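K.L.:
These are the residues of each chain, in order.
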Amino acid sequence: MANPTLHHLQHPGELEEEARAHHHPFLQHHFEDLGQQHEASTLGMWFFVAQEILFFGGVFCAYAVYRVMYPEAWSAGAHHQNWRIGLVNTIVLIGSSLTMALAVWAAQGGKRKLTTLMLVLTLLLGGIFVGVKGFEYREHIHEGLFPGASFTYVHHENPALTPAIQLFMVFYFTMTGLHALHMIIGAGLLLWFIKRAWRGDFGPEYYSPVEIMGLYWHFVDIVWIFLFPLLYLIH
Amino acid sequence: MAHSADHADHVGHAPAHHQAPLVMYFAVFFGLMIFTVLTVVASRYDLGNLNTPIALAIAVIKATLVILWFMHVIHSPRMTWIVVISSFLWLGVLFVLTFSDYLSRGWNIY
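Protein sequences appear in the order of chains V and G.
With positions in the first sequence counted from 1, the corresponding number in the working numbering is that position plus 59.
With positions in the second sequence counted from 1, the corresponding number in the working numbering is that position plus 27.
Rather than coming from a laboratory, the hints here were simulated on the basis of the structure.
Careful, some of the hints might be misleading.
Simulated coverage check for chain G against chain V, where a stretch passes if three residues somewhere in it have a Cβ under 8 Å from a Cβ of chain V [as the list claims (entries may be wrong)]:
| # | segment |
| --- | --- |
| 1 | 67 to 74 |
| 2 | 83 to 93 |
| 3 | 103 to 112 |
| 4 | 122 to 132 |
Computed from a predicted model, the values in this text were never measured in an experiment.
For each residue, glycine too, the CB sits at the ideal point set by N, CA and C.
Model the full structure from these sequences, guided by the hints.
P.N.:
See below:
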């Protein structure tokens, strides 16, 4: 493939003039075309997601180490979670991933209203998820399961397990808290994307931002796919 | 930027455009729901040491469905595949090195 930079140096004025005449308003000047820009931006987002996988991976790894050390306490801790609420929230979150994927699909097809609607639904489902999570947190705090000075819970069958159950709850709040933080950041981004989608920024030629928003949202969904069995279902 | 041979046709065209059929998204969602129910059902039975591996295997299948089809990796350039696969490779290094330490602490081989 010819090096576009060298080519550019040979005829700078001519090419720039041509670029100005044809180029899409969202094509950055350092890319050849929207296809190359799309590949570069999705690849860049994947680098970010790779970093996020390792960020959450560290917490998951610490969780696994302590699960090996205190299997009974981990089992008792998971029993305190309401798996029915966890199941409903899992369905809500996977549903929001579906609407997010459909928003990308609609943007690719140039369907402005459908794109906006799907982003609104994604935000709504994400909001329900965080709201339910907040309700669960309130219940845990009420039961004295929040770690630290306010941890008043005692495991009746085996009081010796109580300190390790507190450790489980440290992981519970850290992992679901980091996850919820990502959801809240995602919700903020969605608000901005709803505005842009309604304004008509996206279409078949330019949908990379929606695609990248989707990568972020689906990643957060994947974290929950692992958190649900590890925090609610293990014995 | 280096393009692999099978993506060379993207160069010079506007978008690296691939609009998947709508039914695919609903099929993947349906699959994710089936596996979600399956993981809850499996956790209701006491399968001894198998409970956690089964729960993790189901989670890995669900994550793979999301990555390949919702995140469009299946139609991505090879460069994206390299980043995706290497991120899990590094995750594996994180787990293997950590556990090679913690699991061998009680061995007293000296």
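K.L.:
Check each numbered hint from earlier against the structure, then list the numbers of those it violates in ascending order.
P.N.:
none
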